[in-house]
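Trainee: On the provided structure of chain A, position chain B as indicated by the hints.
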Amino acid sequence: MSLRNNRAVVLAAAASVLLVAGLALALFWAPEDADQGFSQRIFYVHVPIALTAYACFGWGAWKALRLLWTREPRYDLESYTAVHMGVIFGILTLVTGSIWAKISWGVWWTWSERQLTLFLVLFLFYCAYFMLRFSVEPGPRRANLSAVYALFGVALIPVSFLAIRLAENFIHPVVFTRDGPQMSGSMFVVFCVCLAAMLGLFASLYTNELAGKRLDARLRELREALE
Amino acid sequence: MTYFADVAALARKDILLELRSRDTLPAMLLFVVSALVVFHFSLPSDASAAASTGLLWIALLFTALLGLGRAFAAEREQRVLDGLVLAPCDRSAIWLAKCLGVLVFLGVAEAVALPAYALFFEPVGWELVAAVVLADLGLAAVGTLLAAMAAASRARELLLPLLFLPLVIPVVVGGVGATVVDDPARYLGFLALYDLIFAILSWASFEYVVAE
Chain A
0 MSLRNNRAVV LAAAASVLLV AGLALALFWA PEDADQGFSQ RIFYVHVPIA
50 LTAYACFGWG AWKALRLLWT REPRYDLESY TAVHMGVIFG ILTLVTGSIW
100 AKISWGVWWT WSERQLTLFL VLFLFYCAYF MLRFSVEPGP RRANLSAVYA
150 LFGVALIPVS FLAIRLAENF IHPVVFTRDG PQMSGSMFVV FCVCLAAMLG
200 LFASLYTNEL AGKRLDARLR ELREALE
Chain B
0 MTYFADVAAL ARKDILLELR SRDTLPAMLL FVVSALVVFH FSLPSDASAA
50 ASTGLLWIAL LFTALLGLGR AFAAEREQRV LDGLVLAPCD RSAIWLAKCL
100 GVLVFLGVAE AVALPAYALF FEPVGWELVA AVVLADLGLA AVGTLLAAMA
150 AASRARELLL PLLFLPLVIP VVVGGVGATV VDDPARYLGF LALYDLIFAI
200 LSWASFEYVV AE
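Residue numbers (numbering that gives the first Met the number 0), protein chains in the order written: chain A, 0 to 226; chain B, 0 to 211.
The following block holds chain A by itself, in its conformation from the complex:
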């Protein structure tokens, strides 16, 4: 137990150090973007959060696959926790993306930003995951249903991305053309630090949340045994 506690502490410390370092670098060290100026710095928060959200969903689907493969019940909680974290990072992506859209284009929402649209679809999809989970009795059945749904999620990500790209051709002409981030060397370094920080934050939150949920489940088992 102490080993696991140690790991949680180390992860949390590493994540906080990286987060502070990443933010400081992004705010003070990274060169000013020629085109967008200071507001472009939200890029160092928004994009790592988005990538971390994908990592969460991918991790959740991997655990789901392991559950269906091995029928080991502990993977259910792991998959659920990863999806839970993914939804939180997904909401943060929507919020930071919305702020960025407001600053650079003057609107809170734009359908022409593919990543944002994709995250909205994923957000709806994974919210339904919670609805599904909470309306099925706990047990192997619920674990299976959640796992199958989480697997559908990772198939939906590329398919939806393709769909959103295709939809741009007929829903409206592309208003905002934004070249891919042409990052200079120092920008890329800052970006990598921020990405590592977000992934570290995910790992730390995941470990803590999983430990909490396991304790919760154990407590419930003990209570049921007592009754």
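It is worth saying that the hints were derived from the structure and are not from the lab.
One or more hints might be untrue.
[Unchecked claim] Only some residues are given here: those of chain A computed to face chain B with a beta carbon under 10 Å: (1) L67; (2) V120; (3) F124; (4) Y125; (5) L150; (6) P157; (7) A166.
Just so you know, even glycine gets a beta-carbon here, dropped at the ideal spot from N, CA and C.
Mentor: Chain B in isolation, oriented as in the chain A frame:
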């Protein structure tokens, strides 16, 4: 070959059941025509043809949802699913058979909906028919699996649309795209790709949805 014999027997059971009880299909037909009439009044008179195409796709989607909501009703009420799971046949055969049943219902509903659409709104071209056929495959594949999931939950009717709609957004994109752009091949190809991916995924994972 016993696999396909099982599928045929199960699909035949669903269709026979529907022919005798007439629970679902008349409701789907009436719904899709009513929806089109409602859409006529919800569109301003100078709305474009593209707008009515979009509404047709919404009508088809919700008609499918109506049918899917009833797809596992008999299994649930009479506890048939437990029997089917115990039967010595591959579980994915249950999915395939249910899928075929849903496809037949959808096909019949659309055989009414498309002429009605042509009558009320715009003429129907070959690309719309092709897109509807391809979309039906995807809707039936994904919908059957999700209907089985929803049937296992407490919230059933409430849950199915929530699970179904985010997953079929790509179908809507493919379907609408194929009917409004000049070159529909890309969108039809995309619909076929969607069908392939999600049919394989649903076929492979159905066993885990019905069995413990």
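Trainee: With reference to the structure, classify each hint as holding or not holding.
Mentor: Now for the hints, and whether the structure bears them out:
Residue-level restraint check for A:L67 holds (minimum Cβ-Cβ distance to chain B is 6 Å; threshold 10 Å). Contact between A:V120 and chain B, as hinted, is supported at the beta carbon level, the nearest pair being about 6 Å apart and thus within 10 Å. A distance limit of 10 Å between C-beta atoms decides the matter here; for A:F124 the minimum to chain B is near 4 Å, and the interface restraint holds. Because the beta carbon of A:Y125 sits about 9 Å from the nearest beta carbon in chain B, less than 10 Å, this interface hint is met.
For A:L150, the shortest C-beta to C-beta distance to chain B is roughly 7 Å, which falls under 10 Å, so the interface hint holds. Nearest Cβ of chain B to the Cβ of A:P157: about 9 Å, under the 10 Å cut. The hint holds. About 5 Å separates the beta-carbon of A:A166 from the nearest beta-carbon of chain B, less than 10 Å, and the hint is met.
Checked against the numbered hints above, the structure breaks none of them.
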